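Respectively, the protein sequence lines represent chains L and R.
For what it's worth, numbering that gives the first Met the number 0 labels the leading residue of the first sequence as 0, then goes sequentially.
For what it's worth, numbering that gives the first Met the number 0 labels the leading residue of the second sequence as 0, then goes sequentially.
Honestly, I wouldn't trust all of these hints.
Stated by the list, open to error - Straight-line distance between alpha carbons at most 30 Å, and here's what the computed DSS-like set of lysine-lysine pairs gives:
| no. | chain 1 | residue 1 | chain 2 | residue 2 |
| --- | --- | --- | --- | --- |
| 1 | R | 4 | L | 92 |
| 2 | R | 165 | R | 306 |
| 3 | L | 92 | R | 107 |
| 4 | R | 266 | R | 401 |
| 5 | R | 107 | R | 4 |
| 6 | R | 401 | R | 306 |
Said to hold, decoys possible - Here are the simulated distance ranges between beta carbons:
| no. | chain 1 | residue 1 | chain 2 | residue 2 | range |
| --- | --- | --- | --- | --- | --- |
| 7 | R | 2 | L | 97 | 53 to 63 Å |
| 8 | L | 222 | R | 86 | 22 to 32 Å |
| 9 | R | 379 | L | 150 | 49 to 59 Å |
| 10 | L | 150 | R | 380 | 50 to 60 Å |
| 11 | L | 145 | R | 389 | 51 to 61 Å |
| 12 | R | 167 | L | 144 | 31 to 41 Å |
| 13 | L | 144 | R | 147 | 37 to 47 Å |
| 14 | R | 86 | L | 62 | 43 to 53 Å |
| 15 | R | 133 | L | 222 | 12 to 22 Å |
| 16 | L | 148 | R | 14 | 47 to 57 Å |
| 17 | L | 60 | R | 147 | 28 to 38 Å |
As the list claims (entries may be wrong) - Reference listing, derived: stretches of chain L covered by chain R, where coverage requires no fewer than 3 residues with Cβ under 8 Å from a Cβ of chain R:
| no. | segment |
| --- | --- |
| 18 | 38-47 |
| 19 | 84-93 |
| 20 | 145-152 |
| 21 | 166-175 |
| 22 | 184-196 |
To be clear, the hints were calculated from the coordinates, so they are not data collected in a lab.
Only a predicted model underlies this, so the values are computations on that prediction, with no experimental measurement involved.
Ideal Cβ placement from N, Cα and C applies to all residues, glycine included.
Read off the chains here:
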Amino acid sequence: MREFARVGGGRSVLVCVDGLINLYESVVVTSEAVDALCASGVDGIVMVASTAELHKNLFQGERSPALLVSVNWPSSKSDESVMRNIVSGEVEKALGLGASAVVSSFLVGHERDEDEARNFAFLGSLIDECEDHAIPSLIVTAPMGDRPTKETYEDCVGLAARMASEAGATYVAIPYAGTAEAANGIVEVTGVPTYLMDLNRRIAKGQPDCNLEGLLSAAIGTDLCGVALSPSRSLDEVKAALIGLHGGHAT
Amino acid sequence: MNEAKELRLSRIFDPGDGRAVVVAADHGMMLGPIPGAANLERTLTRALEGNPDAILMSPGQAERLSRLFRGESAPALLVRCDWTNAFRDRTYTLPARSTQFCRVASVKRAAKLGADAVTIYLFVGYQDKEREDLHMEQARGFARECEEWSVPLVIEPIPMGPRVTKTNYHELVKRSVSLSVQAGADALKVPYTGDPETFRPVIEAAKGVPVLVLGGSKALSDREPLEAAEEALGVGASGVVFGRNVIQSQDPAQTLRLIREVVHGGKTAREALTSGRAGPIILRANPDLCTGCRICLSACAMSKESKFDVSKARLRVEGTWPNPTGPVVCDQCGSCVQACPTGALTVDDEIGGLRCDMELCTLCGACVQACPYGLLKMDSERVYVCDLCSGWPECADWCPTKAIVIAPR
Numbered sequence: 000m001r002e003f004a005r006v007g008g009g010r011s012v013l014v015c016v017d018g019l020i021n022l023y024e025s026v027v028v029t030s031e032a033v034d035a036l037c038a039s040g041v042d043g044i045v046m047v048a049s050t051a052e053l054h055k056n057l058f059q060g061e062r063s064p065a066l067l068v069s070v071n072w073p074s075s076k077s078d079e080s081v082m083r084n085i086v087s088g089e090v091e092k093a094l095g096l097g098a099s100a101v102v103s104s105f106l107v108g109h110e111r112d113e114d115e116a117r118n119f120a121f122l123g124s125l126i127d128e129c130e131d132h133a134i135p136s137l138i139v140t141a142p143m144g145d146r147p148t149k150e151t152y153e154d155c156v157g158l159a160a161r162m163a164s165e166a167g168a169t170y171v172a173i174p175y176a177g178t179a180e181a182a183n184g185i186v187e188v189t190g191v192p193t194y195l196m197d198l199n200r201r202i203a204k205g206q207p208d209c210n211l212e213g214l215l216s217a218a219i220g221t222d223l224c225g226v227a228l229s230p231s232r233s234l235d236e237v238k239a240a241l242i243g244l245h246g247g248h249a250t
Numbered sequence: 000m001n002e003a004k005e006l007r008l009s010r011i012f013d014p015g016d017g018r019a020v021v022v023a024a025d026h027g028m029m030l031g032p033i034p035g036a037a038n039l040e041r042t043l044t045r046a047l048e049g050n051p052d053a054i055l056m057s058p059g060q061a062e063r064l065s066r067l068f069r070g071e072s073a074p075a076l077l078v079r080c081d082w083t084n085a086f087r088d089r090t091y092t093l094p095a096r097s098t099q100f101c102r103v104a105s106v107k108r109a110a111k112l113g114a115d116a117v118t119i120y121l122f123v124g125y126q127d128k129e130r131e132d133l134h135m136e137q138a139r140g141f142a143r144e145c146e147e148w149s150v151p152l153v154i155e156p157i158p159m160g161p162r163v164t165k166t167n168y169h170e171l172v173k174r175s176v177s178l179s180v181q182a183g184a185d186a187l188k189v190p191y192t193g194d195p196e197t198f199r200p201v202i203e204a205a206k207g208v209p210v211l212v213l214g215g216s217k218a219l220s221d222r223e224p225l226e227a228a229e230e231a232l233g234v235g236a237s238g239v240v241f242g243r244n245v246i247q248s249q250d251p252a253q254t255l256r257l258i259r260e261v262v263h264g265g266k267t268a269r270e271a272l273t274s275g276r277a278g279p280i281i282l283r284a285n286p287d288l289c290t291g292c293r294i295c296l297s298a299c300a301m302s303k304e305s306k307f308d309v310s311k312a313r314l315r316v317e318g319t320w321p322n323p324t325g326p327v328v329c330d331q332c333g334s335c336v337q338a339c340p341t342g343a344l345t346v347d348d349e350i351g352g353l354r355c356d357m358e359l360c361t362l363c364g365a366c367v368q369a370c371p372y373g374l375l376k377m378d379s380e381r382v383y384v385c386d387l388c389s390g391w392p393e394c395a396d397w398c399p400t401k402a403i404v405i406a407p408r
């Protein structure tokens, strides 16, 4: 498994081409795009197992990016044993692909509390399975829906991130909560290496724009261990992020 | 119970007296970074100086803070394997709309983390009977896993939901304890019903399974939860689980020392709170810590006059919220004693408080005139003086911010 997270104080840039972060963006991941991404020197790429299967040769070799396999939680009602079977199969698949971590999401702000409970139960099963197979987990956390307000958004980000870390996530990704100070505060209470996420604005309703410069400034000025970019970023933006983050300046 | 479970339980319950002091530090999983739990490592490092027998944590924290559980004198580890939103009331960011619960970790994972026991909830009082059955089923599932891994199961039965009323609360605690024993609990973590009479049947319902009584929500003073613990232990509880009263304490180690004196030392709450005091005492006020809540006035009036008539309080608070200028307390300066023409006013040598002998007092008012702080009061029947509550000043005891403290004279 390739190391993708902070080692010796360094930071990493991940690109998520799995639709996990930008749930509402229809980005077509072409082979050319993945090829170009790998060639860009990005530290890690998040993709679903089926996409990874198609591009597994790109993750071979010393200079290739780390592969992080994403597993989406089944939002439709499923009982515990079905959930555990899904999780078990997905984690084993990720291991078979040589993944460096398994990625999933945990959202707070569901209209129905039972959805939050099922999402958290899924997270628990996934982390159980990851621990069993000694593979790290990266949990993308975010507030969603109408319940989090502009005033409570930062608290909701903190709640989601903290819940994921309490459940046992190895890494957590959080959306930009407006300022570098807010991000730093959340990192502190989360207690695990934390990525800043390039979140779709339809989820982060009413929240500050995640322009690349803002994201990188926040990541550089805080204890964050990197950024997780959405697939809508251009290759030039990914390269700028790599130069910015590894060079220690915004862009 | 098998031997491995017994061995693990003996790391929690002191084999000498069969009792335990447990710190609950699993709030972050349910409520997010609440005060005291935001930087758990810092809080628990301080708490460990108070020598708790065990600490309850989430699986994630147990893994990250595993260093706290290493070594001969380290506490035992309890891992919370389930989650609920039931405690998110209206004051929280995302208040619960309906009570939910779920599994978060397997017993196998808890065992791999080195858990000496696994803790789960069992709620009784749901509107929907099916939910109660589902919760019971989950508890039984955990009990089976615990049996397989030889890890003791601590069930926390809590009356929760619309069917719970003040009237049926203690009955529901008793019923939920019975259900927990049926589900396979090896120990119980039970809320206090409020008095020994209603808690005794709860202990009986546990049928010999050790009962740890909960400290409850953050109390205004150390005294309240300590008295509850004393009462519960008196009717057969095997120890306490204190959460916010420890992790949100200004001095978690000192709070734990007091709890240990009650649980393991066999002291009453009063003895624990006054132990270590030798000789006369004095009250000291720290105006910077005063919030202007005036609980001290009510505590004083209630203690001395058995009513909330703050005009009879032996101290006052100047200024009002949000800009209080602080409490003014009697520092036994002796001006009133010197001014008393009949010798009615004296200072108690042992405690340091004032005494007024009404047989000698002529109600001349010289003492009231002499008090440099304007604290002494008098009516047509008597003089109201601060006697330091016979060595246990209520104002200091109830002050939530320690703006009034007891010091050696």
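Now for the hints, and whether the structure bears them out:
1. A threshold of 30 Å between alpha carbons decides the hint, and for residue 4 of chain R with residue 92 of chain L the separation of about 36 Å lies outside it, so the pair is violated.
2. Among the hinted pairs, residue 165 of chain R with residue 306 of chain R is consistent with the structure: their alpha-carbon atoms are about 24 Å apart, no more than 30 Å.
3. With a C-alpha separation of about 22 Å, the suggested pairing of residue 92 of chain L with residue 107 of chain R holds against the 30 Å cut-off.
4. At most 30 Å may separate the alpha-carbon atoms for a hinted pair to count; residue 266 of chain R and residue 401 of chain R meet this at roughly 23 Å.
5. The suggested pairing of residue 107 of chain R with residue 4 of chain R holds, with an alpha-carbon distance near 14 Å, which does not exceed 30 Å.
6. Between residue 401 of chain R and residue 306 of chain R the CA atoms are separated by roughly 23 Å; this keeps the pair inside 30 Å, and the hint holds.
7. Evaluation of the 53 to 63 Å hint for residue 2 of chain R and residue 97 of chain L yields a failure: the beta carbon distance comes to about 43 Å.
8. For the hinted restraint 22 to 32 Å between residue 222 of chain L and residue 86 of chain R, the CB-CB distance of approximately 29 Å keeps it satisfied.
9. Hint check: residue 379 of chain R to residue 150 of chain L, Cβ distance near 56 Å, so the stated range 49 to 59 Å holds.
10. Roughly 55 Å separates the CB atoms of residue 150 of chain L and residue 380 of chain R, a value that falls within the hinted 50 to 60 Å.
11. For residue 145 of chain L and residue 389 of chain R, the Cβ-Cβ distance of about 58 Å falls inside the hinted range of 51 to 61 Å, so the restraint holds.
12. At about 36 Å, the beta-carbon gap between residue 167 of chain R and residue 144 of chain L stays in the expected band of 31 to 41 Å.
13. Judged by the Cβ atoms, the range 37 to 47 Å given for residue 144 of chain L and residue 147 of chain R holds: they are separated by roughly 39 Å.
14. Distance hint check for residue 86 of chain R and residue 62 of chain L: the Cβ-Cβ separation is about 49 Å, which falls inside the suggested range of 43 to 53 Å.
15. Remark: the range hint 12 to 22 Å for residue 133 of chain R to residue 222 of chain L is contradicted by a beta-carbon distance near 41 Å.
16. At roughly 53 Å, the beta carbons of residue 148 of chain L and residue 14 of chain R sit within the given window of 47 to 57 Å.
17. Under the hint 28 to 38 Å, the C-beta atoms of residue 60 of chain L and residue 147 of chain R, about 44 Å apart, miss the expected range.
18. Check on the segment 38-47 of chain L: 0 of its residues sit with their Cβ under 8 Å from a Cβ of chain R, so the three-residue criterion for coverage is violated.
19. With 0 residues bearing a CB less than 8 Å from a CB of chain R, the segment 84-93 of chain L misses the requirement of three and the coverage assertion fails.
20. Only residues whose C-beta sits within less than 8 Å of a C-beta in chain R count toward coverage, and the segment 145-152 of chain L has 3 of them, enough to reach three; the restraint holds.
21. Counting residues of the segment 166-175 of chain L whose CB falls under 8 Å from any CB of chain R gives 3; the rule of at least 3 is met.
22. With 4 residues having a beta carbon nearer than 8 Å to a beta carbon of chain R, the segment 184-196 of chain L meets the requirement of three or more and the stated coverage holds.
Violated hints for the displayed structure, listed by number in ascending order: 1, 7, 15, 17, 18 and 19.
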